[in-house]
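Using the sequences and the hints given, assemble the complete structure.
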Amino acid sequence: MSYIIDRRLNGKNKSMVNRQRFLRRYRGHIKEAVQDAVNRRSITDMDRGEQISIPTKNTHEPRIGHGQGGRQHRVYPGNKEFNTGDELEKPQGGGGGQGSGQASNQGEGEEDFTFAITREEFLNYLFDDLALPNMVKQSLARTKNFKTRRAGFVSEGTPNNLSVVKSMRNAHARRIGMGAGKRRKLKELQAALSEAENRGDFGAIETLKADIADLERRLKKIPFLDDIDLRYRNQVKVPMPTSKAVMFCLMDVSGSMTQDVKDMAKRFYLLLYLFLERNYEQIEIVFIRHHTSAKEVTEEEFFYSRETGGTIVSSALKLMHEIVSSRYDENEWNIYAAQASDGDNWDDDSPQCAEILRNELLPVVQYFSYIEITPHNHQALWEAYQQVGSDFKNSFAMAQIRGPEDIFPVFRELFSKEQYEEAI
Amino acid sequence: MSDYISTDSDWTFELLEKYDAEIARVAALYRLDTYPNQIEVISAEQMMDAYSSVGMPIGYNHWSYGKQFLATQKGYQRGQMGLAYEIVINSNPCIAYLMEENTLPMQALVIAHACYGHNSFFKNNYLFRTWTDAGSIIDYLVFAKNYVRKCEERYGVDEVEQVLDACHALQNYGVDRYRRPKPVSAAEERMRQEEREEIRQQQLNDLWRTLPTKKQDANAVRNKRQFPSEPQENILYFIEKNAPLLQPWQRELVRIVRKISQYFYPQRQTQVMNEGWATFWHYTLLNHLYDEGKVSDGFIMEFLTSHTNVVYQPGFDSPYFSGINPYALGFNMFQDIKRICENPTDEDREWFPNIAGKDWLDTLHFAMRDFKDESFIQQFLSPKLMRDFHLFSIYDDEAADHYRVDAIHNDSGFRRLRETLARQYDLSVREPNIQITSVDIEGDRSITLRHTQQDGMPLAGDTYEVLKHIHLLWGFDVHLESWDGENMLKRMSCPSISVEL
Chain A
120 MSYIIDRRLN GKNKSMVNRQ RFLRRYRGHI KEAVQDAVNR RSITDMDRGE
170 QISIPTKNTH EPRIGHGQGG RQHRVYPGNK EFNTGDELEK PQGGGGGQGS
220 GQASNQGEGE EDFTFAITRE EFLNYLFDDL ALPNMVKQSL ARTKNFKTRR
270 AGFVSEGTPN NLSVVKSMRN AHARRIGMGA GKRRKLKELQ AALSEAENRG
320 DFGAIETLKA DIADLERRLK KIPFLDDIDL RYRNQVKVPM PTSKAVMFCL
370 MDVSGSMTQD VKDMAKRFYL LLYLFLERNY EQIEIVFIRH HTSAKEVTEE
420 EFFYSRETGG TIVSSALKLM HEIVSSRYDE NEWNIYAAQA SDGDNWDDDS
470 PQCAEILRNE LLPVVQYFSY IEITPHNHQA LWEAYQQVGS DFKNSFAMAQ
520 IRGPEDIFPV FRELFSKEQY EEAI
Chain B
57 MSDYISTDSD WTFELLEKYD AEIARVAALY RLDTYPNQIE VISAEQMMDA
107 YSSVGMPIGY NHWSYGKQFL ATQKGYQRGQ MGLAYEIVIN SNPCIAYLME
157 ENTLPMQALV IAHACYGHNS FFKNNYLFRT WTDAGSIIDY LVFAKNYVRK
207 CEERYGVDEV EQVLDACHAL QNYGVDRYRR PKPVSAAEER MRQEEREEIR
257 QQQLNDLWRT LPTKKQDANA VRNKRQFPSE PQENILYFIE KNAPLLQPWQ
307 RELVRIVRKI SQYFYPQRQT QVMNEGWATF WHYTLLNHLY DEGKVSDGFI
357 MEFLTSHTNV VYQPGFDSPY FSGINPYALG FNMFQDIKRI CENPTDEDRE
407 WFPNIAGKDW LDTLHFAMRD FKDESFIQQF LSPKLMRDFH LFSIYDDEAA
457 DHYRVDAIHN DSGFRRLRET LARQYDLSVR EPNIQITSVD IEGDRSITLR
507 HTQQDGMPLA GDTYEVLKHI HLLWGFDVHL ESWDGENMLK RMSCPSISVE
557 L
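So the sequences go chain by chain: A and B.
Take 120 as the starting number for the first sequence in my numbering and just add one per residue.
Take 57 as the starting number for the second sequence in my numbering and just add one per residue.
Please keep in mind that the hints were generated in silico from the structure rather than gathered at the bench.
Just so it is clear, the structure is predicted and the values come from calculations on it, not from any experiment.
Treat the hints with care, as some may be off.
Unchecked claim - Within a straight-line C-alpha distance of at most 25 Å, the following computed PhoX-like cross-link-like pairs (lysine-lysine) qualify:
hint, chain 1, residue 1, chain 2, residue 2
1, B, 414, A, 150
2, B, 206, A, 133
3, A, 301, A, 339
4, A, 340, A, 301
To be verified - Label-pair distances were calculated between CB atoms; the ranges are:
hint, chain 1, residue 1, chain 2, residue 2, range
5, A, 177, B, 413, 54 to 62 Å
6, A, 207, B, 210, 57 to 65 Å
7, B, 413, A, 235, 57 to 65 Å
8, B, 348, A, 238, 34 to 42 Å
Stated by the list, open to error - Negatives, chain A to chain B, calculated, CB over 10 Å:
hint, residue
9, 129
10, 184
11, 194
12, 197
13, 207
14, 310
15, 326
16, 395
17, 426
18, 477
19, 483
20, 532
21, 535
We put the beta carbon where it would ideally sit given N, CA and C, even for glycine.
Next comes the structure, spelled out in structure tokens:
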């Protein structure tokens with residue numbers, strides 16, 4: 120007696136929970152590996168999974184078993200030239216444990232336990248403990264998008280929302296309820312009638328029949344469907360957080376910015392992009408580069424074309440403000456900006472930059488981060504920004520990056536959850 | 057015109073049914089008595105899932121299964137490891153998984169192997185009949201899974217994980233070796249669970265009573281309360297019943313691990329026999345079909361290729377050597393028993409007077425029913441097979457500079473060789489002998505375990521880790537003493553230091 124069942128369509132991820140348990144247990148190890156990977160990987164390469172290794176001794180499950188040593192007899196197949204009493208040289212180091220079965224295969228090995236995590240998981244660990252500042256507050260407070268959702272049934276509404284099933288059920292209940300007393304009476308009368316007929320009491324029969332007819336008439340008068348039965352599907356409007364974001368990348372491309380510095384900036388932008396991508400359905404990126412004047416460019420141009428000349432940072436900020444006001448309505452878009460520079464600026468320009476930020480940009484953006492990529496001391500721009508930073512703690516942050524190894528720590532610092540807890 | 061059941065190598069459900077029906081017909085000719093079969097076709101990914109839950113169709117959640125899964129997945133994706141063709145579960149109905157990637161001859165092999173070979177072994181071998189209840193295991197596993205989940209919701213994943221980790225470390229010491237356990241039953245478990253929790257706590261309270269007893273018989277009580285009165289080998293059971301600080305739900309978790317461990321106990325003792333039996337029957341049944349002209353030459357060629365791979369035994373000096381292949385040893389032993397019955401040589405008559413010339417099918421069924429690996433080898437391994445395998449035995453004394461060849465496949469060596477090999481499959485030799493000897497119930501409540509050393513073999517390096525787990529469950533000091541005869545060699549304590557004597 121056999122049944123053959125096709126189980127292929129059943130879920131194949133039965134082990135998913137156990138896998139998650141494993142990842143959870145070794146969270147610390149995995150996080151470390153992910154951070155290493157970030158520093159190791161090339162900038163275009165952030166968006167995939169990762170091989171994680173954990174030292175076997177950490178994942179080992181202890182069991183009681185025989186250790187090496189003592190006196191043992193072991194049987195092997197494949198004898199060729201041995202005879203009873205032969206003595207064999209012991210191999211140097213190791214060996215010998217084979218007889219004790221599988222237990223030693225997993226336990227003793229020096230090799231690490233390695234496994235792969237997916238892109239999703241990689242990013243999860245990468246951005247673990249990070250949060251987008253102001254996201255919830257801003258998007259709900261200013262939201263203009265609504266979504267209609269069902270919300271039960273109401274007794275008033277428009278005919279197109281009429282719920283037939285619900286209404287008929289109500290009507291049915293009402294008919295039962297309203298007729299109950301009359302039907303009981305009717306039954307009693309009918310019983311009395313048949314009794315009267317048995318007795319042959321014709322007077323009683325007459326009156327009973329009249330009563331019965333009257334009752335039946337009244338029962339019939341109970342309306343099949345009444346206004347009070349009607350039920351309408353209710354719809355409510357729920358505010359929806361906007362799920363669109365635009366990310367402005369601002370970069371100084373004057374002569375003093377070398378390709379190395381640009382690469383570091385690019386890594387920072389990339390992290391920001393991946394991070395935003397996890398939170399918003401749709402993301403646009405605007406690249407603005409500047410020297411003495413600013414220009415909106417493509418990604419390719421942004422990162423790889425060379426320019427020379429002086430530096431006027433405010434030109435880029437002005438351009439960004441123009442673009443925001445013409446294309447990205449602050450109510451519809453979550454606006455993020457990241458500015459990278461080596462700190463150089465035309466001396467008289469820095470106060471102006473701070474002014475633009477303070478009055479034009481910071482009121483509309485969710486978050487503006489400024490990174491200064493320089494091993495040297497700060498210049499005027501940093502000081503001007505610092506002033507702004509202390510006034511707009513929730514939407515402005517700045518940090519200095521000295522070398523590639525700083526990028527991720529700085530990124531974490533800028534977006535760490537604790538820092539923005541009050542804001543959210 | 058041919059009578060072939062199929063000529064293609066792709067399988068369909070109709071063909072699977074046909075093959076199953078044919079194999080069942082032939083199996084009945086050989087009196088194979090099986091549970092009903094539930095054959096499930098699954099994908100490779102699902103096979104990996106089945107793998108990592110150590111062959112249980114439903115398991116509670118635990119990180120170690122996740123680890124197993126990741127290791128399997130990695131091995132498979134890199135091509136280092138093929139997946140097993142089948143997994144079969146000792147349940148009623150007997151569940152067997154077929155992988156969809158298999159070709160039709162492979163599916164037929166698997167059906168014969170798992171659904172008629174393993175299945176009849178599960179139903180008839182005395183160990184399985186004594187220790188497991190195939191009818192209720194699935195229900196019990198469902199119960200266990202739900203119970204663990206509920207505990208996780210109530211007490212937190214970490215708490216549950218800690219207890220399960222500790223139990224897993226001891227799972228080989230959760231079996232009553234000599235007493236027949238009550239078969240598990242999910243319905244009963246659920247019903248009795250609350251009642252059990254209460255009673256357990258009551259008994260415990262009695263054991264750990266700290267109120268002074270009446271003065272006049274205080275001495276008598278002191279003498280009486282030697283506990284446990286006899287050494288206990290089932291450590292998990294002892295903990296479940298007597299650990300002073302465990303919560304009722306923690307005791308239930310200990311019980312679950314213990315019960316499942318018990319369920320797998322027969323499988324650990326019959327590897328050679330079980331695989332040998334299944335391999336013998338897939339070989340015999342499909343050859344029978346071939347002889348009847350039901351399967352084509354191509355079919356039988358492909359089948360034989362797989363079969364040959366399965367029963368290949370590399371020599372000790374081969375790079376592929378990884379111990380004695382239980383499929384090879386088991387298959388050849390059953391084949392050999394058949395040979396001894398049908399065409400005994402003089403040597404066979406001398407060694408096996410009881411079975412030489414007897415009905416081979418009766419003998420085979422007898423061998424399958426009433427033995428486990430250890431006794432099976434001791435009883436049926438013939439000199440001819442030892443010669444064919446070129447078996448030899450090595451004596452390895454830690455103190456000596458050389459290995460000594462102890463016995464080889466010749467007249468003076470056969471008995472010794474057979475004995476040594478049989479011992480190698482004896483669980484009580486393979487696992488260190490550890491028993492609970494005393495609990496200091498009047499004093500510091502510490503528990504003492506005694507390791508009786510065999511052949512000077514010390515305990516493995518991670519024993520202290522296991523002690524930590526025992527300590528977690530017991531809640532008070534744990535001592536482990538290693539004894540060689542009358543001498544105590546070593547005493548380990550947790551939490552504390554270990555002392556070499």
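Next on the checklist: Verify the CB-CB distance for residue 177 of chain A and residue 413 of chain B against the hinted window 54 to 62 Å.
Outcome noted: holds (60 Å)
Checklist entry - Going by Cβ atoms, does residue 535 of chain A stay more than 10 Å from chain B at every point? => result holds (25 Å)
Item to check | residue 235 of chain A and residue 413 of chain B - C-beta distance against the hinted 57 to 65 Å | outcome: Since residue 413 of chain B and residue 235 of chain A have Cβ atoms about 60 Å apart, the given range 57 to 65 Å holds.
Item to check | Exclusion check [residue 207 of chain A not at the chain B interface, CB over 10 Å] | outcome: Its Cβ does come within 10 Å of chain B, the nearest being 4 Å, so this is violated.
Checklist entry - residue 426 of chain A clear of chain B by more than 10 Å, beta carbon to beta carbon? => result holds (47 Å)
Item to check | Restraint check for residue 340 of chain A with residue 301 of chain A, where alpha carbons must lie at most 25 Å apart | outcome: holds (12 Å)
Checklist entry - Is the nearest CB of chain B more than 10 Å from the CB of residue 477 of chain A? => result Holds: least Cβ distance 48 Å, greater than 10 Å.
Item to check | Check on residue 483 of chain A being off the interface with chain B, judged by Cβ distance over 10 Å | outcome: holds (44 Å)
Item to check | Distance rule for residue 197 of chain A, whose beta carbon must clear each one in chain B by more than 10 Å | outcome: violated (2 Å)
Item to check | Minimum Cβ distance from residue 129 of chain A to chain B greater than 10 Å, as the annotation requires | outcome: Contrary to the label, residue 129 of chain A does not stay out of reach of chain B, its closest Cβ about 7 Å off (not over 10 Å).
Checklist entry - residue 395 of chain A: least C-beta distance to chain B exceeds 10 Å? => result holds (31 Å)
Next on the checklist: Tell me if the straight-line CA distance from residue 414 of chain B to residue 150 of chain A falls inside 25 Å.
Outcome noted: Not satisfied, since the Cα-Cα distance of roughly 67 Å exceeds 25 Å.
Figure legend: structure checked against the earlier numbered hints; hints not met, in rising order: 1, 8, 9, 10, 11, 12 and 13.
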